[in-house]
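Protein chains in written order, with full-length UniProt numbering: chain A, 1 to 426; chain B, 1 to 328; chain C, 1 to 358.
Please note that the accuracy of each hint is not assured.
[Unchecked claim] FRET-style restraints, in silico, Cβ to Cβ: (1) A/Arg164 - C/Met116: 39 to 49 Å; (2) A/Ile194 - B/Pro150: 29 to 39 Å; (3) A/Pro359 - B/Thr74: 30 to 40 Å; (4) A/Asp301 - C/Ser102: 36 to 46 Å; (5) A/Gly277 - C/Leu120: 50 to 60 Å; (6) C/Leu104 - B/Ala211: 53 to 63 Å; (7) B/Val112 - A/Gly112: 23 to 33 Å; (8) A/Pro359 - C/Ser102: 51 to 61 Å.
These are computed hints drawn from the structure, not numbers from a lab.
Positions of the beta carbon are idealized from the N, C-alpha and C atoms, including for glycine.
The chain contents come next:
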Amino acid sequence: MRKTITAIALAMAVATPAMADLVVPNLSYRTGPYAPGGIPYADGFNDYFTLLNERDGGIGGEKVVNPECETAYNTEKGVECYEATKGSGALVYNPLSTGITYQLIPKVSADGIPLYTPGYGRTSAANGKIFEWVFNYPANYWDGASVAIKYLLDQNGGDLSGKRIALVYHNSAYGKEPIRTLQELSKKHGYELIEIPVDHPGQEQKSQWLQIRRDKPDYVLMWGWGVMNAVAIQEAANIRYPMENFIGIWWSGSENDVLPVGDGANGYKSLAMHGTGMDYPVYGDLKTYVYDTGKASGAGDQVGSVLYSRGMYAALVISEAIRKAQELAGHSAITAAELRNGFEALEITEARMAELGLPNFGQPFAASCADHGGPGHALIQQWDAAAKKWNLITGFIAPDDEVLTPLVMEDSAAFAAENAIAERCN
Amino acid sequence: MPDQLLYATEAALNGLMAGVLYSLVALGFVLIFKASGIFNYAQGVLALFAALTLVGFQNGQVPFAHLINAVFGTDLHHFGWQLPALVAIVLTAGVMVALAIVIERYVLKHLVNQPPIILFMATIGMAYFLEGFGDIMWGADIKKLDVGLPQGLNETIDAVTFEAFGYGFFIDNLDIVASVVAALLVISLTLFSQYSKQGRALRAVADDHQAALSVGISLRFIWVLVWSIAGFVALVAGIMWGSKSGVQFSLSLIALKALPVLMLGGFTSIPGAIVGGLIIGMGEKLFEFFIGPMIGGATENWFAYVLALLFLVFRPQGLFGEKIIERV
Amino acid sequence: MFYREAGDFKTSYADDSQTFPIRFDRLRYYAVVAVAFGVIPFVINDYWANAVFVPFLIYAIAAIGLNILTGYCGQVSLGTGGFMAVGAYACYKLMTAFPEVSILIHVLLAGGITAMVGVLFGLPSLRIKGFYLAVATLAAQFFLVWLFNKVPWFYNYSASGQISAPERTILGHPVTGAATTASAKYLFCLVILFALAWLARNLTRGTVGRKWMAIRDMDIAAEIIGVNPLTTKLSAFAISSFYIGVAGALFFAVYLGAAEVGEAFGIQKSFLILFMIIIGGLGSIFGSFAGAAFMVLMPVLLKNILVGQFGWATDLAAHVELMIVGALIVIFLIAEPHGMAQLWRLAKEKLRLWPFPH
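Put together the whole structure using the sequences plus the hints.
See the structure below:
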């Protein structure tokens, strides 16, 4: 019986991948506890490539295919997906999971496939000298933490001393990322940091918010994902915590997080890496070529949401990197290694964003051999519950590189020492 | 009163409220365990499924829209109506009864006389199935559940305690409603099992399957009945938890919250489920309050289990469980 | 025709008490071992190693471990995920603290440490029985996961709490880290599995195993005939945890390469492994293998059929896959509650008479 099954499986696995185009696998999750976040991201990612295929006939004349593989935010399935797709000539991976990213970093480095993790993953991968194959521009978690503090500094006339800031975080690799940065920053700015962990999945947070109600911190920062966000915002509304003092990371700032709470969420703020909403020219093309022709990914009901925009943004950066790589390589059917060069030489200017139909959507950035992290600027957006809409309330804020750079160097040096990696780019 | 004591009282009160919700889930377990000896792990998924169905009916979602669209290339999503909450609840209860009949007909009937571990595993299999089924039927995205329950700080309690102690206690309106509903549910279940004909039959089955069969009680009917009741309890639990966090996958994990309650109270005792829920709810909140900050917080997941374990070492059958008599 | 006892005479005690007394069984066993060691390492590629074989081998070790405790000694445990985490973190600490010592020793030591933790959490089993014990072991599951997440010493104070396995070699070939070849991974796990399965098979045939089974079948009766419940139950916990710890160490170091405790060793893992031994067959070493193969292969197979062959949307396929796996489990339990091992026994009964069933 086992042999029969093995035989069938063999037949299946051999029969699946057979493509010659530009393969950009989409390791998505549309099931499991984090599906509400995974669905819009995957839809945006797919739709943008569909647009390129339908409107421009692909990139540089090569069609892009996105074989989708379901990870359910689970690292084992992530590994299976990676192994299943890498044989088909995959060019770049974007797993939308910090856990899977950690898993894939050594694998992609050995296999020579770029890994693109915008706004998530391993922060110190911003150091291109150590992490040759990993890119996480335009911004990472530590940038986010620093930008949030910068914003609070702004609000308080440049002085946070004596203030108390609580960090409500998802008790996992992802949620713990900002702690060290916030601790360093607290030394510099003299605020007191209160760390409040919330265990997966975060359905029950009464104790945490009672603690906040008692302690009355001046500000609350949140590193949440999935249902934890909605519950936290609900509990904050319940204890009447002033919403304008409550700031989430960009993964805690989507419609899914605030809509279930209703009016109580009004005024909640979150960081953002990019603009959102449908007021961009690119949506005209998307409508003509993708939505109206019935080629939209998924149910097609996520268009214009924050996470949809983020998926689209990731797809845009990847497609620009492919374009750059084609230019550098001189031919259009590029390999993964050539794409890595494209990622490293990528420069996205505001003019280019406008040309692509997304003016004032993201920050301009330029990568280099040593810098895989980008400038790390971020915006602050605020939820308007009546209009059911996120409004941007600041321009791009720069992080405090003076604090961040040594941290990135320290962490990446530790990784290099553990894995005996020599520095590049010297 | 000193501040620390006030805060602790507040935490304890909130713990009691949370405990009532745990009891509600545990109640579903106990009912099924008593009547059929099945440790029903699917109880949490039942709650998720019930809540999904309720929201689906309320918003007039087309069931299996995703599947239908994929197969026939249509673009169906909504029927375009909004049902009042009460109608939707009644309809959902109907679905839960239908589900109970299906489960009895296709699963339980075939598993009579199997050892408990096999039955337990079968319910986990059912949990997987229902999870996939619920997602396919209604979609995996997060849904807002609103049946008009009040939420947020209770002003009166806040004001009164502020008057009395100079610190306003935070009690969530939703928790108060949940406690009242749970209390009503327990009272009506007790009345039902004590005074109605079916209820007495149910107790007879719980007491001794064979004796019950021999006096002409239909075991299969009782099973359908008890799974329907468990489905209804799951619906209530789903509404309470779903109102707070929206309806999505994580709702099914509340089953894990009910397990320590069961251990503590005993698998076979309804009062045990209630008292166990209250002890666990209060215990974990107080532990998080006093000890949590010293050892880094987020202790709630395991503390309930450790507490129950300690209880069990002294009373291996739980607080109110039937005494285990062993003979060779 | 092929499978028969008739004519298979034994002339010494050693012959009589060998593991596979029937000739056909013995030959089949040699054939499987020959293929596993002699053929697969040469044809295996990354996909097959990482998606099928390595997880299968590691889960088989864990399943044997749990089968010793649950199948042979009758103590239901839902703490498997937590014990695997102990193995993984012990291995990580040892690997980073003593880089010059061979990884094989680290893996075995990790198993030993897990055995000690297992005994500790096994103590309540002397008083608590049945389902109460099952739920009580969940205390171990949740507490251990919390501990490894909370105490930075366990993950060497890394920023995110992730642990990742540095490269370690055996005889010059890397077996952990990214440079490991598919066949090195496979062989490393296979050798350990082979040794441990051989050990388990012989343990369960001997005095220790008989004591376990006596406790399983009726603990009071066993006590009366002179089986010490304390040592018997605790030895089952210790040996079972040793296996599970080794599996956890391999799972982290060889298979995943990096792990996060809540995600990789959560409660789902405990259920998965319990499924394996129930579907495979309680109290059977072969059953542990069959169950592990079933639970590892089934989802991969379904996914490849639904997405790869039929071209379904991945979410639809994932939901259907969940339904099919759930339904299969239920159907299996209804059709053959004693698991695949029982099917195998029945098949052998049939073979014995074949082709003349009357």
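Kindly confirm whether 29 to 39 Å is satisfied by the beta carbon distance between A/Ile194 and B/Pro150.
holds, 30 Å
Is it true that A/Pro359 and B/Thr74 lie within 30 to 40 Å of each other by Cβ?
holds, 36 Å
Taking the CB of A/Pro359 and the CB of C/Ser102, does the distance hold inside 51 to 61 Å?
Roughly 60 Å apart at Cβ, these two residues keep to the hinted range, so it holds.
Indicate whether the distance between the beta carbons of A/Arg164 and C/Met116 respects the range 39 to 49 Å.
The hint (39 to 49 Å, Cβ to Cβ) holds, given that A/Arg164 and C/Met116 are roughly 42 Å apart.
Cβ separation of A/Asp301 and C/Ser102, checked against the hinted range 36 to 46 Å
Violated: the Cβ-Cβ distance is about 56 Å, outside 36 to 46 Å.
Return holds or violated for the Cβ distance of B/Val112 and A/Gly112 against the range 23 to 33 Å.
Given about 58 Å between the Cβ atoms, the range is violated.
Verify the CB-CB distance for A/Gly277 and C/Leu120 against the hinted window 50 to 60 Å.
Hint holds: Cβ distance 56 Å, inside 50 to 60 Å.
Determine whether the Cβ-Cβ distance between C/Leu104 and B/Ala211 falls within the hinted range of 53 to 63 Å.
holds, 60 Å
The earlier numbered hints that this structure contradicts are 4 and 7.
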